[in-house]
Amino acid sequence: MRKIWIIAWKELRTYFVLPSAYLTCIVFILFSGIFFYNRLAIFFLSKLQPIPWEELEKERDLTHMITQPYLHSLSILYLLIPVITMRLFAEERRLKTDELLYSSPISSWQIVLGKYLASVILFSILLIFTVQHVIFLCLFGNPDIGPIITGYIGLFLVGLSYLSIGLFCSSLTDNQIIAAIVTFGVICFFWMIGLAQYIIANPAVVGVLKYFSLQEHFHTFTKGLIELKDVVYVLSFSFFGLFLTYQSIESRRWR
Amino acid sequence: MIQVEHLTKRYGDIVAVNDISFSVQKGDIVGFLGPNGAGKTTTMRIITGCLSADSGRVIVGGYDILKDPNEAKRLIGYLPEHPPLYDEMTVSSYLDYVADLKDVPKKRKKLLKDMAVHECGLEKVYGRLIKHLSKGYRQRVGIAQAIINDPEILILDEPTIGLDPRQVKEIRELIKSLTGKRTVILSTHIIYEVTMICQKVIIINEGKIAAMGSLDSLTSEIGKKRRLFLKVKEKDRAERKLKEIPEIGSLVKDRDYFLIEYETDEDEVCEKISQKMMEAKIPILELRPERISLEDIFVKVVTKDNR
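Protein chains in written order, with my numbering: chain A, 12 to 266; chain B, 30 to 336.
Calculated directly from the structure, the hints in this document are not laboratory data. Treat each hint with caution, since some may be false.
[Unchecked claim] Only pairs whose alpha carbons sit at most 16 Å apart, straight line, appear in this in silico EDC-like list of lysine to aspartate or glutamate:
1) A:107 x B:116
2) A:107 x B:125
3) A:14 x B:125
4) B:138 x B:117
5) B:160 x A:102
6) B:96 x A:102
7) A:14 x B:132
8) A:107 x B:132
Since the model is a prediction, treat every value here as computed from it, not as a measurement.
Looking at chain B on its own, in the form it has when it is part of the complex:
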């Protein structure tokens, strides 16, 4: 559905996007993850045709964004980082305006507008001026604007930034409900958001793709080594005992807990640890497996690149 080939964009001496290539299949929900300033927004602006790349090309639904911009743009709904709202317009007239801009046929306009208003929960503010809306509602209008032409592709740039926790939750649920059969690219620097909404992840750092793949494959790939979290009372004695267990690969001692890395079966290791502790009469306060999360992968990938 979306093909990005060798995209490069410079701002003066700074390379914002450096030879990025990836493709998104129809129906995929892709999380675009990266620290601030990694090139997420630039890439999205190029895909939507707001910005031209220095080299490389973007093909959206079979149309080159530079050669057939109008055909490609009709397939896309885009929510920029700052929702493009006109303060002096009402929600209703604003949506009419966007629908006209996006070539929504007259016959479908009313239906699509009603749908967008309904899906984004805008019934209450329908006739209000946009400048009087709260930040959460502004974001909703921004999303309604992006889906008004019922696009096959939805591109959302940091849709939950700057909202309060309740609004963040609402907007996330709204986005989840909108995905449906659409192809979605969602950029964020909040990892939880990706694990909640997306199936595929592209981690981008300093203008380059640092890691890419489905959520499961990424976590299992880097998460081969497994860890246990152990909290006990008498640490020094416990450490000596733990070292007697051959299955334990490495042992990290922190202020009041151990992180135990191992490579064999989880249950077996747990059993042995508790047996040893019982023998030594050291009470176990907490023992649990630590799953390696996307967060660890992210930090790993991003810091590795920096070195």
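Here chain A stands alone, though its shape is the one from the complex:
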């Protein structure tokens, strides 16, 4: 465990020595602020217009108008994941610093988990920045806290999956840019395959695609539900990503 922390601590420090982590933070905080402002503005505008139907009035609360769409829009954070993970293995390989790790008394699992932990911590820091908007909402209104908490849990868990993909892509190449682009492609794939439901008629195929789409699983969380099947899928996805990373690291030593 200590070894994992040594690696993670070193990677975290590197994040904050280089400008990339700060830039990621700035971009994300800026956009999350804009999104929050947008939802707020729409909410107030809609309050000015009386709607005659009682049914619709029920949908016009804070949860439906602000927190749910806001949490959804926070998933743009996933597009920044390639920036977080791209250098973790690729840069070590390019600079040949990986020989230090391999010749040290430390196992490949510890290396993989250490780097993963660092990326998870940076990701969590970014998520925590958005809590300010929720606090703001709680100060001036009374939103339903339940779906907010489950929404954040969902954001975090789905993020774990994407981070493990990013780590794996980084372990495949010695070029950060290639690692980032491949990660971006894979993230988009698992984000979008759920959308296939609108163009495919066969319900069985749609069911499978929706199950594989990480975004669909995230959607359940924002509704205030923590379902076992979502948690199992998302966690096994992360384990699989880490397992592939481990295999990729090990295989390079046998090649």
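Knowing the structure of chain A, use the given hints to seat chain B on it.
Chain B in isolation, oriented as in the chain A frame:
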């Protein structure tokens, strides 16, 4: 201390290391000599556990590098061909990081770090970012990194490559001062380096061991035939005279000198040559014995294998 048994490693169709076996005793300073691409780096990477061999095994201090990697790796300090440095770290924080990686106990960490910094002469750049260091200093940090856990075994892969002559001299002296009671394997393709630092030599060529032994035994084994270097003014007349001397085995005539091979006593041959030259009134410009150096052995061994 280090036992290498029947090591083989292939990269696709290319056999980088082909059935190498050797052992290194405690306290030995072994030079690993070979032309570029001979398999030196591959062998070293296998010994340090960076790479796995296709077959064969490596035992370091009684531990199999594959079965007990952590115990074996704790005994080794390794400087790869490219020193594994992180540009964005300072020298101090980098050494801390490596010490943690190598399981240096907390109590000894400060002491060992100070020692490494002192021995490698890093006091001046202690707080600087590694990316701002000159190549010579980078190499020093690389060496400091290798000795930070006070290892019994030091493995250095071409430690002086790419440095300017002054830095090369400094690094060589540094390595010499570090050997002490440690077991050292040093790879290089510079022969002078081996004669200066090492006691034992392993010459490796095309993945195989071409020659192995102590420096003295290697030079005397191949250096049985001795040579004299002779420079005179009138070559043609001198050649005729030289052929009259029975002790001379063979005579090689070059542009402006002779190489004379003989098998008897050195003084006797020299005496006879100078007498003959005096009789013929041919002035001798230069006459000296030529010692067969490691360089000759190296060339001999490597070219013999190629044929």
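Are the Cα atoms of residue 96 (chain B) and residue 102 (chain A) separated by 16 Å or less? violated (29 Å)
Are residue 14 (chain A) and residue 125 (chain B) close enough, with their CA atoms no more than 16 Å apart? holds (13 Å)
Does residue 132 (chain B) lie within 16 Å of residue 107 (chain A) when you go C-alpha to C-alpha? violated (21 Å)
Holds or violated: residue 107 (chain A) to residue 125 (chain B), with C-alpha atoms at most 16 Å apart: violated (19 Å)
Would the hint linking residue 14 (chain A) and residue 132 (chain B) be met if the CA-CA limit is 16 Å? holds (9 Å)
Please verify whether residue 138 (chain B) and residue 117 (chain B) have alpha carbons no more than 16 Å apart. The given pair, whose Cα atoms are some 22 Å apart, is violated under the 16 Å limit.
Check whether the Cα positions of residue 107 (chain A) and residue 116 (chain B) lie no farther apart than 16 Å. holds (12 Å)
Is residue 160 (chain B) within 16 Å of residue 102 (chain A), Cα to Cα? holds (15 Å)
In this structure, the earlier hints numbered 2, 4, 6, 8 are contradicted, and the remaining ones agree with it.
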